[in-house]
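Trainee: Sequences listed follow chains A and B, in order.
Here the first sequence is numbered in the working numbering, starting from 1 and rising by one per residue.
Here the second sequence is numbered in the working numbering, starting from 1 and rising by one per residue.
Some clues are possibly wrong.
If several chains are the same, the list does not tell them apart, and a pair holds so long as it fits within one copy or across any two.
[To be verified] When the alpha-carbon atoms are kept at most 35 Å apart in a straight line, the in silico DSBU-like pairs for lysine-lysine are as follows: (1) K50 x K215; (2) K109 x K50; (3) K43 x K109.
Hint data in this document are derived by calculation from the structure and do not stem from the laboratory.
Protein chains: 2
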Amino acid sequence: MPKTHPARRTTIMDVARAAGVSRQTVSNAINSPERVRPDTRSKVLQVVDKLHYRPSSAARTLRHQRAGAVGTELNAVADQPSDIALPFLTALTLSAARHACHMVPFASKEAFPLLSGYQDMVRRRLVDAFILTDTHPGDPRPAWLEEAGIPYASFGRIYDDPTRGYWADVDGAAGTQMAVAHVAASGYQTVGFLGWPAGSAVGDLRREGWAQGVKEHDVAAGPEGSAPQSLPEALRAAEDLLDGLAVGDAVVCASDVLALGVHQAALARGWTPGADIGITGFDGSPVAHLHSITTLTQPLDDIAEHLFTILDHQLAGSPEPVQAALLVPTLDVNTSTKITPKKGTS
Amino acid sequence: MPKTHPARRTTIMDVARAAGVSRQTVSNAINSPERVRPDTRSKVLQVVDKLHYRPSSAARTLRHQRAGAVGTELNAVADQPSDIALPFLTALTLSAARHACHMVPFASKEAFPLLSGYQDMVRRRLVDAFILTDTHPGDPRPAWLEEAGIPYASFGRIYDDPTRGYWADVDGAAGTQMAVAHVAASGYQTVGFLGWPAGSAVGDLRREGWAQGVKEHDVAAGPEGSAPQSLPEALRAAEDLLDGLAVGDAVVCASDVLALGVHQAALARGWTPGADIGITGFDGSPVAHLHSITTLTQPLDDIAEHLFTILDHQLAGSPEPVQAALLVPTLDVNTSTKITPKKGTS
Numbered sequence: 001m002p003k004t005h006p007a008r009r010t011t012i013m014d015v016a017r018a019a020g021v022s023r024q025t026v027s028n029a030i031n032s033p034e035r036v037r038p039d040t041r042s043k044v045l046q047v048v049d050k051l052h053y054r055p056s057s058a059a060r061t062l063r064h065q066r067a068g069a070v071g072t073e074l075n076a077v078a079d080q081p082s083d084i085a086l087p088f089l090t091a092l093t094l095s096a097a098r099h100a101c102h103m104v105p106f107a108s109k110e111a112f113p114l115l116s117g118y119q120d121m122v123r124r125r126l127v128d129a130f131i132l133t134d135t136h137p138g139d140p141r142p143a144w145l146e147e148a149g150i151p152y153a154s155f156g157r158i159y160d161d162p163t164r165g166y167w168a169d170v171d172g173a174a175g176t177q178m179a180v181a182h183v184a185a186s187g188y189q190t191v192g193f194l195g196w197p198a199g200s201a202v203g204d205l206r207r208e209g210w211a212q213g214v215k216e217h218d219v220a221a222g223p224e225g226s227a228p229q230s231l232p233e234a235l236r237a238a239e240d241l242l243d244g245l246a247v248g249d250a251v252v253c254a255s256d257v258l259a260l261g262v263h264q265a266a267l268a269r270g271w272t273p274g275a276d277i278g279i280t281g282f283d284g285s286p287v288a289h290l291h292s293i294t295t296l297t298q299p300l301d302d303i304a305e306h307l308f309t310i311l312d313h314q315l316a317g318s319p320e321p322v323q324a325a326l327l328v329p330t331l332d333v334n335t336s337t338k339i340t341p342k343k344g345t346s
Numbered sequence: 001m002p003k004t005h006p007a008r009r010t011t012i013m014d015v016a017r018a019a020g021v022s023r024q025t026v027s028n029a030i031n032s033p034e035r036v037r038p039d040t041r042s043k044v045l046q047v048v049d050k051l052h053y054r055p056s057s058a059a060r061t062l063r064h065q066r067a068g069a070v071g072t073e074l075n076a077v078a079d080q081p082s083d084i085a086l087p088f089l090t091a092l093t094l095s096a097a098r099h100a101c102h103m104v105p106f107a108s109k110e111a112f113p114l115l116s117g118y119q120d121m122v123r124r125r126l127v128d129a130f131i132l133t134d135t136h137p138g139d140p141r142p143a144w145l146e147e148a149g150i151p152y153a154s155f156g157r158i159y160d161d162p163t164r165g166y167w168a169d170v171d172g173a174a175g176t177q178m179a180v181a182h183v184a185a186s187g188y189q190t191v192g193f194l195g196w197p198a199g200s201a202v203g204d205l206r207r208e209g210w211a212q213g214v215k216e217h218d219v220a221a222g223p224e225g226s227a228p229q230s231l232p233e234a235l236r237a238a239e240d241l242l243d244g245l246a247v248g249d250a251v252v253c254a255s256d257v258l259a260l261g262v263h264q265a266a267l268a269r270g271w272t273p274g275a276d277i278g279i280t281g282f283d284g285s286p287v288a289h290l291h292s293i294t295t296l297t298q299p300l301d302d303i304a305e306h307l308f309t310i311l312d313h314q315l316a317g318s319p320e321p322v323q324a325a326l327l328v329p330t331l332d333v334n335t336s337t338k339i340t341p342k343k344g345t346s
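With the rest of the complex left out, here is chain A:
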């Protein structure tokens, strides 16, 4: 054991005295940095470290009867986890700190998403609330959580009752509409669409935005195709789609993997993405960045912040729910929609 540790446990008053500030200032310096001047915080934290002061989060939790934590399930079953799962968890982790709590991930090899993992977290009292992802029609979690009186907020609509105000989602239709506006303004002629097979709620909305976009902008509607989220199938669907298009046209896609299929199919027939054919993806995933594909990036920081606002309201027992939020993605323009690539620049 290091010799510098004091024999008696250091208290918050020891720190306050040594730093020449109030007990509340010490507490704020540790837990609510935004309430303290930076130089004061720095002085207090130096004393905290010198005296080896460790506030007892357990005692604090017991006082408030709160775990101070929000649970979220990681998908341990999918072969290919969602490309945005990690950036979203990172956004949640940063938001949590601003809302004086922390995230506790959990996972199960059994099934995803099912209730047992949520029940275990509640029984062990590790969290006060949950953030849901991968919502879908027939999802049992919202009803179970409401029945049990456990606060939650959802990334993705609550499909069985979208009037519930407990969610934030990306506006898929607005996104693909923006993509059409962008390729129209860039000078592409006819705009086709590669989506997922009809019937997926997310995919259908993204298709709707494309259909609306070609009506509103000065471009012709090209052919439509669909494929599941797999590169070989996207590639096959893209080959058929490109047969109905010509150099100077564009394809708006419902995902980055579908856009990669169009990208590879274009290269296979000697068309340069961007110069010969416009291609847009959706999600802002590493796949799009790796292959320089223009994409619609989800506003994950804003979504995380809105979900914590929803949770704060529920935890405070506020009777008026916060409004659900439909947030517009950002268009990240890359080589795949540059019709006249400049030579000689890196």
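Once you've looked at the hints, dock chain B against the given chain A.
Mentor: Frame of chain A; chain B shown alone:
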């Protein structure tokens, strides 16, 4: 508030009485399922839910003076987070539950990895220990954590003092050696190597395995090239490398992104990956799966389990450290090393 909630807070004794078991059995059913028969556990958990019993984790924590949690930093700064960061966090989350604790991720937009985030987690007493990732020569974290007496274990060698037993890592040299053995056995003739620029500890070890492999197996050593972890640069380096190779040869790569560069460069000259040129990557990332590239998958579950064994020893105050572990990756064979692809199979 739901009417079914009892007015008095339900205690563990209420549950034990209603389920006809001992208090310890109730505690085990919730916290240590492996110690209880499945039918007993199921009976106890039914009573737990019926009586709305919530064990107080805060009281338990205060008794043990432990947070029961392990912190790990998420990289909120990198444009392209590591492909295996999410699968590794999922593996840690599953291991944590087996070791009666949970993970608490933290992140900072300021810098990665620096000490301030770790100091904040310790000051707020949210965790008892840390799991480090992205270790590198000159990493300040191991020395600071040891000085402060905080248990930790590292995914990746502690480069400044690898004799420390606080780490588990993948055996990169053994991996690329396996890749050479595999392409040699598959019938490829000459085996080249595409690595990262010399000087990165991880990359140098992966190159060493290739060099050793071509000595031990019945193949000729082909040319070597290098590129940073970026697709355009990997593509350029791969074009040069392929100029020195012929149909029937193979390239072992230090990463999946580098392997994708070889894959794209091969397609550009009309060579079919697998049938005309063998290609292996490293890391088992989504990029490799997406493009059907043979890869070396890191044994993340075993690494997570070893790290928790290290932490358990430190938390128990055991004087003998657990041995560091160098774990061999798994070769996942895919189309890119199938020299005679079978026709007509899916």
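Trainee: Could you place K43 and K109 in one of the four classes (within, between, both, neither) given a Cα distance threshold of 35 Å?
Mentor: Between copies, since 22 Å is at most 35 Å while 47 Å is not.
Trainee: Between K50 and K215, at a C-alpha cutoff of 35 Å, which is it: within one copy, between copies, both, or neither?
Mentor: Neither: 67 Å inside a copy, 56 Å across copies.
Trainee: Check K109 against K50 for me: Cα-Cα at most 35 Å, and say if that holds within a copy, between copies, both or neither.
Mentor: The answer is between: 26 Å across copies meets 35 Å, while 44 Å in one copy does not.
In this structure, the one hint that does not hold is number 1.
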